[in-house]
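Using the sequences provided together with the hints, build the complete structure.
First to last, the sequence lines map onto chains A, B, C and D. Position in the first sequence counted from 1, then plus 1360, gives you this note's numbering. Position in the second sequence counted from 1, then plus 1360, gives you this note's numbering. Position in the third sequence counted from 1, then plus 1360, gives you this note's numbering. Position in the fourth sequence counted from 1, then plus 1360, gives you this note's numbering.
Mixed in with the good hints, there may be bad ones.
To be verified - SDA-like mimics (lysine to any residue), calculated; alpha carbons at most 25 Å apart, straight line:
1) C:1577 / D:1549
2) C:1382 / B:1372
3) A:1387 / A:1414
4) A:1382 / A:1417
5) C:1387 / B:1577
6) A:1382 / D:1376
7) C:1577 / D:1513
8) D:1382 / B:1372
9) B:1382 / C:1673
10) D:1382 / A:1445
11) B:1387 / D:1669
12) B:1387 / C:1380
13) D:1387 / A:1441
14) B:1577 / A:1547
15) B:1382 / C:1504
16) D:1382 / A:1380
17) C:1387 / C:1416
18) A:1387 / D:1444
19) D:1577 / C:1664
20) A:1382 / D:1375
21) A:1387 / D:1374
22) C:1382 / B:1384
23) A:1577 / B:1504
24) D:1382 / A:1453
25) C:1382 / A:1665
26) A:1382 / C:1664
27) A:1382 / C:1673
28) D:1387 / A:1379
29) A:1387 / D:1441
30) A:1382 / D:1454
Quick caveat, the hints were computed from the structure, so don't treat them as lab data.
Protein chains: 4
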Amino acid sequence: MRFSVILGNLGNTRDRFCDSYKQQPTKREQWARAAAIVGVAGIELVGTWDITESSVGEVKGLLAEHRLRLASIIPDHFTSARFGLGAFTSRDPAVRREAVAHTTAMMDACAELGGDLINLWPGQDGFDYPLQADHVQQRDWLVEGITRAAAHRRDVRLALEYKPKEPRCFSFLARAADTLLVALDTGAANVGVTIDTGHSLMGGENLAASACLLASKGRLFHLHWNDNYRSWDDDLIVGSVHLPEYLELLHWLPRLGYNGWYSMDQYPYREDGQAALNASIRWLDGMARRQEAFGQDRFAALTTSGEAVRIADTMREFLGLDGAMR
Amino acid sequence: MRFSVILGNLGNTRDRFCDSYKQQPTKREQWARAAAIVGVAGIELVGTWDITESSVGEVKGLLAEHRLRLASIIPDHFTSARFGLGAFTSRDPAVRREAVAHTTAMMDACAELGGDLINLWPGQDGFDYPLQADHVQQRDWLVEGITRAAAHRRDVRLALEYKPKEPRCFSFLARAADTLLVALDTGAANVGVTIDTGHSLMGGENLAASACLLASKGRLFHLHWNDNYRSWDDDLIVGSVHLPEYLELLHWLPRLGYNGWYSMDQYPYREDGQAALNASIRWLDGMARRQEAFGQDRFAALTTSGEAVRIADTMREFLGLDGAMR
Amino acid sequence: MRFSVILGNLGNTRDRFCDSYKQQPTKREQWARAAAIVGVAGIELVGTWDITESSVGEVKGLLAEHRLRLASIIPDHFTSARFGLGAFTSRDPAVRREAVAHTTAMMDACAELGGDLINLWPGQDGFDYPLQADHVQQRDWLVEGITRAAAHRRDVRLALEYKPKEPRCFSFLARAADTLLVALDTGAANVGVTIDTGHSLMGGENLAASACLLASKGRLFHLHWNDNYRSWDDDLIVGSVHLPEYLELLHWLPRLGYNGWYSMDQYPYREDGQAALNASIRWLDGMARRQEAFGQDRFAALTTSGEAVRIADTMREFLGLDGAMR
Amino acid sequence: MRFSVILGNLGNTRDRFCDSYKQQPTKREQWARAAAIVGVAGIELVGTWDITESSVGEVKGLLAEHRLRLASIIPDHFTSARFGLGAFTSRDPAVRREAVAHTTAMMDACAELGGDLINLWPGQDGFDYPLQADHVQQRDWLVEGITRAAAHRRDVRLALEYKPKEPRCFSFLARAADTLLVALDTGAANVGVTIDTGHSLMGGENLAASACLLASKGRLFHLHWNDNYRSWDDDLIVGSVHLPEYLELLHWLPRLGYNGWYSMDQYPYREDGQAALNASIRWLDGMARRQEAFGQDRFAALTTSGEAVRIADTMREFLGLDGAMR
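Written as structure tokens, this is what we have:
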């Protein structure tokens, strides 16, 4: 398992009411804190916030200094007013071109920095009100823009990150299957999908089911990890709420041959960012190691037999939670 | 708009606690009640409950007697223990064969009765517990079974009905996009999708967005209508809770060239079934007529411009709800 | 911890589509299966299904034969058409009287059988449609009926079981706080509340928060245990989906001085009922024993400090899931 | 109906990703825009953002200049780091004192400005993780702080605004009933509750049911209006998604004798704030006027009879949506 973190998670994560839970550390401090987390080998950078076309050289130095690999760049299609009514699906063709141009610029930056993955999250591409979207036309624009970006260079992959809602009430890339359809519609082999575990839970998905669907089509490109209560993207420490579904996903990932990043994506508003990310990594590492020791074949046997009570018994044994009653 | 109803809605709809809200009318009474609803031109029949291989002749007579067309047959993959752990995705190959065989038998019955549509709802194909499903294998079986059924005869279409959950906690056909992917994976042109408006709302979808996606791929085959509170398949009278989203869907259907059935699918546990279905049809008919009179171009203009306040102003005008304040 | 089960969980649990997942065992078989579950000391009986006024003597014999105590009787306000539009809140005064009369009859039966607890679940008391309820009048009727029943005899306690929805779209007793208000409004000390863990999760509650609120007011009378995915009353094996919240609740119950029953309430549609209930009891027993060994003071310290990362670290230690990374 | 708006709704409403959807207008511009909305008679001010102890004189001038009444002040318990881990329920007694002191200061400012209502939204008082809260102690602190503030002066009322979540994953004031219990526990007659329609929908409530409960106890003090999709506080234009439930609430409010403010509370991120608030007021005004013309007695009759189909028929008639089919 190669762990990475999103740089901004080490900074001052704000919400719509309070923008100063913490003092904002400098970028250099954020890099240092990220690199100091045990087990972290890669870093994800958000466009505008963490990297611009003009700062590629500087970032190259930071990567070297901290012995980190670039896990991905997340182009900025969500922090500025220019994309506020949509990036790839804006009704303004100039804005749509800008969305593609920013993507291809970040692809070049990515390659220059030794990376091969763009995590594309078109968060503003969606709608808020019934009757507000031209569902046919706007989906066409979305496919068209991503297709164009993907053609820019084939050595950088685009992983589309889906999310049911936020910042729009409905996203055009909402769940695994609709996002996979968009990826397939581009006809480009370098377009795939990112599962953000919190987005998936929020979308009513079973995490492993989504991973299996995407991997079966060769499109599971990337993973973002966090936890929540299923109704919203709470971006909590992994394992805080759910456990069996993370274990199910962790069982399937090696079985599916996934060899990408395990990247932390949290919003530790009121916690020390470094400690919160570290806690998630330790959860994942602890669960995966125990799983290997316990025997992945025993987990596989559960999926083959489908017996509910046997699952419960096995899980209790796995967690050492069996009492005296048998 | 061609309206139809599901026969069983006229009977005693039960829940898991109470199985006798009403006295169960005879099948003949149910037919008579369905036929008497103003505007109803078609009927949907559920396998086992309403039709079997041996009752095709009798059903032919009932259709003629009541001057109804067969809107669809819904094969019974959900009412009996044999499919309790899955029909198309059962771990028992004999059960999987049976699921296909029942489907093809109902396809033959459908053609014999002048119909051309099977509404396939594999409600037991899903899972309840994390680690219970073999997501890869079972999806393969699902595609395989539907492919085989579809090949039985090409003059009858299979419309796959999705639903996020119930009776299983997670369904393999959960939402529009994943179901479309299954349909496409069959490689068969006679496999498409049914939107049940309640299932779609419950799945966090925007109704029109799902219709647009499916129609764009030529796979919007059928519609079931009811309403709910978005968290469960309450099967209420249409328009009881939502209005703008039904208006949005009703705007798009003609725009997308949909010319299939508008079929009522409710569970009027405590209401007179005939009156409850009639109420839904009158809602749909009333909304659609007003929309034509108001001008579909005005609705189209909203989707083109995407302006939220203009939508609100137009909707108030449409509903005659503008007060004195301007 | 005194464990009990609801008798009907050992029978054929049906849903609205399929009423024959299993062959229905006889009542005698259900009793035998319940009694054979390791750790079970008590039984809950549902009115009509499991006990009537005329079968009290027979039940007394069964209790003695199986060395079980009566944990509670759940009067039947939900399985028959007479209460289909409400029991305590029916618009028909005769029905409201009947709801009270059935309750007091079950109170007498309970006392006769050595019990002191009625679990009152007025599942049909609610509404489905906006504008359908007279929220003021019907709540008054609810308080009035419960007050009257509670006055029948003070040696039997009434534990009101809340549930956000099902079988009605909205229940009058929906969550812990509104149910507590009803209990307090009766002015009767023998009226309290049941937490069904699944109903609480489905209602968006934190389990421990509800227990603390009720216990602080001296009204936490009873507990039903099961698990779900937060959107519906899936009635799964405890611990199948959630873990930290059960641990939090299990920490608080002794701290709050709760000394009532830990009663299993599941719908193991497709599982062996005995095995499924046994699995839940073993989960609870295993979690509670480990917690005692680990030190409840360490859990208490988490609630005192409120530190998120410390919670994560402690939970990993508790579950033995720490990997090598520190 | 006396309409008011929250001043900040006219400004740059930001989310956690984008803080610049619009250029931030000056406070003077916001006041002018608010005052120019047809029908607006009152204004709500948020502490820190819109009013401080030292700006009371200035605000007095603005109220006079714009001929607006002060609908309420919303003390700032949510925008700064000092209350980030809770205000009234902070583990630091100094912070708890500060929460009360800020409230009483705003009560004085309110009275000085001719108002009599504080809308108290302790948004940071809640928790994010299982095991993070001391549910008993923290609720006691909450009651204690509000009791102390309420005693400061009895001529200013405190309306507690509940919300299931955000910015915390769980709020201590989550829904109508638990908030009413806190209000009652203060023993102070000047403590009541605000219903924010969006928070109520998000909490799974029926709007009218909550209004009836609170008004029955004499504690319905204030109303905030907006709309959403039930899973999150989307803060949309009223009537964008729901209609029947707003009509139900508008029917009950006069019936319950509510004579407080109808205050708009939206986040029109991408819309012109003035136009978006105006749209909501026109919806409410239009619905209420039509309702009066149609006959409130006809709505009352629906709640008395509880007949679902009659509700549907009446609603279609009310909206003029009956087609030709009868």
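Here is what the structure says about each hint:
no.: 1; hint: C:1577 / D:1549; in the structure: holds, 21 Å
no.: 2; hint: C:1382 / B:1372; in the structure: holds, 22 Å
no.: 3; hint: A:1387 / A:1414; in the structure: holds, 15 Å
no.: 4; hint: A:1382 / A:1417; in the structure: violated, 29 Å
no.: 5; hint: C:1387 / B:1577; in the structure: violated, 54 Å
no.: 6; hint: A:1382 / D:1376; in the structure: holds, 14 Å
no.: 7; hint: C:1577 / D:1513; in the structure: violated, 28 Å
no.: 8; hint: D:1382 / B:1372; in the structure: violated, 56 Å
no.: 9; hint: B:1382 / C:1673; in the structure: violated, 56 Å
no.: 10; hint: D:1382 / A:1445; in the structure: holds, 12 Å
no.: 11; hint: B:1387 / D:1669; in the structure: holds, 23 Å
no.: 12; hint: B:1387 / C:1380; in the structure: holds, 21 Å
no.: 13; hint: D:1387 / A:1441; in the structure: holds, 21 Å
no.: 14; hint: B:1577 / A:1547; in the structure: holds, 15 Å
no.: 15; hint: B:1382 / C:1504; in the structure: violated, 28 Å
no.: 16; hint: D:1382 / A:1380; in the structure: holds, 20 Å
no.: 17; hint: C:1387 / C:1416; in the structure: holds, 14 Å
no.: 18; hint: A:1387 / D:1444; in the structure: holds, 23 Å
no.: 19; hint: D:1577 / C:1664; in the structure: violated, 34 Å
no.: 20; hint: A:1382 / D:1375; in the structure: holds, 17 Å
no.: 21; hint: A:1387 / D:1374; in the structure: holds, 23 Å
no.: 22; hint: C:1382 / B:1384; in the structure: holds, 23 Å
no.: 23; hint: A:1577 / B:1504; in the structure: holds, 16 Å
no.: 24; hint: D:1382 / A:1453; in the structure: holds, 21 Å
no.: 25; hint: C:1382 / A:1665; in the structure: holds, 19 Å
no.: 26; hint: A:1382 / C:1664; in the structure: holds, 22 Å
no.: 27; hint: A:1382 / C:1673; in the structure: holds, 22 Å
no.: 28; hint: D:1387 / A:1379; in the structure: holds, 19 Å
no.: 29; hint: A:1387 / D:1441; in the structure: holds, 21 Å
no.: 30; hint: A:1382 / D:1454; in the structure: holds, 19 Å
Checked against the numbered hints given earlier, the structure breaks hints 4, 5, 7, 8, 9, 15 and 19 and satisfies all the rest.
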